Amino acid sequence: MFRYIVRRLLQMILTFFGATFVVFALMFANQDDPIQALAGEKPVSDSLREALTERYHLDEGLLGQYWYYMTNLLTGDLGESISGRDISALLESSWPVTVQLSFMALVLAAGLALAAGVWSAIRRGGIFDNGVLAFTLLLLALPIVVLAPVAQWIFGMELGWFPATASRNASFYALLLPAIVLATTVVATQLRVTRTSVVENLRADYVRTARAKGLAPRRIIWVHVLRNSLIPFITLIGVDLGVLMSGALVTEEVFNIPGVGSKLAQGIRTEDGPMVVGFVSVLVIVFLVMNLVVDLLYAALDPRIRYE
Amino acid sequence: MSDPTTAMVDSRPRGLAGDAWNDLRRSKIFWTSSVLVFLILLMAFFPTLFTSADPTDCALSRQHDGPSGGALFGYDFQGCDVLARTVHGAGNSIQVGLVSTLLAGLIGLCFGMAAGYFGGAVDAVLSRGIDIVLGIPFLLGAVVFSGRLSGAGDDGVTAVTLTLGLLTWTSAARVMRSSVVAAKNQDYVAAARMLGASPARLMFRHILPNAIAPFIVVMALLLGANIAAEATLSYLRVGLKGEAISWGLQIADAQKHARAAAAPLVWPSVFLAATVLAFIMLGDAIRDAFDPKLR
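Top to bottom, those sequences are chains A and B. Once you know that position 34 of the first sequence is 34 in the UniProt record's numbering, the rest is easy, because the numbers rise by one and skip nothing. Once you know that position 60 of the second sequence is 60 in the UniProt record's numbering, the rest is easy, because the numbers rise by one and skip nothing.
Be a bit skeptical, because a hint or two may be false.
Chain B regions said to be covered by chain A (calculated; three or more residues, Cβ under 8 Å) [stated by the list, open to error]:
| # | segment |
| --- | --- |
| 1 | 119-126 |
| 2 | 136-150 |
| 3 | 231-241 |
| 4 | 259-265 |
Over 10 Å on every C-beta distance to chain A, these chain B residues come out as not near it, computed from the model [what the hints assert, rightly or not]:
| # | residue |
| --- | --- |
| 5 | Trp-21 |
| 6 | Asp-23 |
| 7 | Val-37 |
| 8 | Leu-49 |
| 9 | Ala-53 |
| 10 | Gly-74 |
| 11 | Leu-102 |
| 12 | Asp-131 |
| 13 | Gln-186 |
| 14 | Leu-202 |
| 15 | Ala-213 |
| 16 | Ser-269 |
Negatives, chain A to chain B, calculated, CB over 12 Å [unchecked claim]:
| # | residue |
| --- | --- |
| 17 | Ile-5 |
| 18 | Asn-72 |
| 19 | Leu-73 |
| 20 | Ser-83 |
| 21 | Leu-133 |
| 22 | Ala-141 |
| 23 | Asp-205 |
| 24 | Thr-209 |
| 25 | Arg-218 |
| 26 | Leu-226 |
| 27 | Arg-227 |
| 28 | Leu-244 |
| 29 | Arg-269 |
By construction, these hints were calculated from the structure, which means they are not laboratory data. Predicted model, so just to flag it, every value in this text is computed and none were measured. Note that the Cβ used here is the ideal one computed from N, Cα and C, for glycine as well.
With these hints in hand, go ahead and build the complete structure from the sequences.
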């Protein structure tokens, strides 16, 4: 187990520097003249130019700037946005609602996927199974950019069942519709993976053994089969976190939720480079750490992974 | 890819593609999605077959007017014909989707083939490259890429296409890598190598045809996903912009006025969902045909 953890950590560190460098380089490479861009039309005096170059290490080249940026980032200093606001503070004020939204979506999706996935695997080929497959196909085909505005219009405005927008200290109820919308981005794949792996496991030798020794069918399915079927499901959750982050960007924008996603969208619209890179870097770190946790969980569940 | 005549003559041994085609011919999902895809392509290349109205002819005096003989779906906030704009939006969607998927496929094919065939250090380096791209959640990477690549005055088509191509090739590469690894240890490859075939001939003549099936499935699914991604980026204002017509832009504009008029929101949504559904169904049908194990 120890060797596995070390190997995964090394891989993660490499991926982390690679991914953040790509984002950083794209945002700041071949900028025409950042100092002039900051000043707008006004002429910039030589002394001011010198001071700013010094302050932002503009004469250090891309790798040098990246180095300064990363040391600041890892000590929790994300710098200032173009409009002069502290990016760490922006992030701090916006993350709780995003975490709440994503967590609700993940729980909703996982609960539905596991229950419906196991049920349709047991009744493979039946009406329920076919209905579930058609439903997942429909969900896969409905991009969140369609689902979110249409759900907001139908359930938030026409029927009035849910609030159409949510505020910073949103209640569980106000976030329910956005969370359902966000859950649809991941539930279809989760359900299909659960179904496929339960179907495969039901054919396994250990299930036959369990049946032969007279275990109750319920115990075979919910203890023996489900534990083994959870392995691909948990790996998928690592990937899903990235999908949820992408989905939160659109969902928060549609439902006007003041979370990380809508702040980021705002940064994109105002072409606020430092803010976009800061937010994306932090989200990349969160994504990689969560994936590491998922991988360790995965190894804990399945001994074969550890001794690979 | 497949030749229908070989599939129908039973005396000749059928290949993987022949078998798959034989299955596909009998699949209802395949034919339904093919008809839909055909209609969408027709709309993309010949929009005037579906509407004679000019999508750029907008007049505020017609704002949110209901459906009429001249404009079946009514008019949007700017007083543009919703049907005309929706139909003309198919062109950009399909163009961005097709080109970006081909680009992603090409990158994925090269990465996957090289990593799978050479193995060892090459594989390690290329796989870490894949890991790095996968380490960036898709939409987050896309907003940075797309915002950076597009110039001030252009319509964003090139920027979005490049962005999607450069960020979505990883699944194709992974699938290609694993099927090449599986194919290269087969006896027929060893036999060809003993007969003195060059690495290039081994790769393209013997391994590639036998390893390409899962790759094709991924490409079909990716096409649907990329079309949806284009609309999402346009919705967030980092995709198509300015004068360009896009379903994502239409949805973004109409969402603000959904209370006053729902048609401008509903129709582009329906067209976008139908397009994505068509390609995903096609991918699903092809996968079932190539992988009978799952049924």
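Here is how each hint holds up against the structure:
Counting residues of the segment 119-126 of chain B whose beta carbon lies closer than 8 Å to any beta carbon of chain A gives 0, which falls below the threshold of three, so the coverage claim is violated. With a cut-off of 8 Å between beta carbons, the segment 136-150 of chain B has 11 residues touching chain A; three or more are needed, and the interface restraint holds. With 6 residues bearing a CB less than 8 Å from a CB of chain A, the segment 231-241 of chain B meets the requirement of three and the coverage assertion stands. Check on the segment 259-265 of chain B: 3 of its residues sit with their Cβ under 8 Å from a Cβ of chain A, so the three-residue criterion for coverage holds.
Annotated as non-interface, B:Trp-21 keeps its C-beta farther than 10 Å from every C-beta of chain A; the closest such distance is 22 Å. With a minimum CB-CB distance of about 17 Å to chain A, B:Asp-23 clears the 10 Å threshold, and the non-interface call stands. Annotated as non-interface, B:Val-37 keeps its C-beta farther than 10 Å from every C-beta of chain A; the closest such distance is 13 Å. For B:Leu-49, the shortest C-beta to C-beta distance to chain A comes to about 24 Å, beyond the 10 Å cut-off, and the non-interface label holds.
Consistency note on B:Ala-53: stated as away from chain A, and its beta-carbon is indeed over 10 Å from all of that chain's, at 24 Å minimum. Look at B:Gly-74: its CB is around 16 Å from the nearest CB on chain A, clear of 10 Å, so calling it non-interface holds up. No Cβ of chain A approaches the Cβ of B:Leu-102 within 10 Å, the least distance being about 21 Å, so the stated non-interface status holds. Not every CB of chain A is more than 10 Å from the CB of B:Asp-131 (nearest about 5 Å), against its label as outside the interface.
Here B:Gln-186 stays apart from chain A, with its beta-carbon at least about 24 Å from theirs, past the 10 Å limit. The beta carbon of B:Leu-202 is kept farther than 10 Å from every beta carbon of chain A, the shortest such distance being approximately 29 Å. Interface exclusion of B:Ala-213 from chain A stands, the closest Cβ pair being 18 Å apart, more than 10 Å. Its beta-carbon lying about 4 Å from the closest one in chain A, B:Ser-269 breaks the requirement of being farther than 10 Å from that chain.
Every beta carbon of chain B lies more than 12 Å from that of A:Ile-5, the smallest distance being close to 17 Å; the non-interface claim holds. At the 12 Å boundary, the C-beta of A:Asn-72 stays outside the reach of chain B, the nearest C-beta of that chain being 19 Å off. A:Leu-73, annotated as away from the interface, keeps every beta carbon of chain B farther than 12 Å; the closest lies near 15 Å. In this structure A:Ser-83 is separated from chain B by more than 12 Å, as the shortest Cβ-Cβ distance comes to about 17 Å.
Chain B draws A:Leu-133 into its interface by the beta-carbon criterion, the shortest separation being 9 Å against a cut-off of 12 Å. Taking the minimum C-beta to C-beta distance to chain B, about 3 Å, the non-interface status of A:Ala-141 is violated against the 12 Å cut. For A:Asp-205, the condition that its CB be more than 12 Å from all CB atoms of chain B holds, with the nearest at approximately 18 Å. No Cβ of chain B approaches the Cβ of A:Thr-209 within 12 Å, the least distance being about 23 Å, so the stated non-interface status holds.
With a least beta-carbon separation of about 26 Å from chain B, A:Arg-218 lies farther than 12 Å from that chain, consistent with its non-interface assignment. Interface exclusion of A:Leu-226 from chain B stands, the closest Cβ pair being 20 Å apart, more than 12 Å. The non-interface label for A:Arg-227 is consistent with chain B: the shortest C-beta to C-beta separation is roughly 22 Å, beyond 12 Å. Its closest Cβ contact with chain B, about 9 Å, brings A:Leu-244 to no more than 12 Å, contrary to its assignment away from the interface.
Not every Cβ of chain B is farther than 12 Å from the Cβ of A:Arg-269; the closest lies at roughly 6 Å, contradicting the non-interface assignment.
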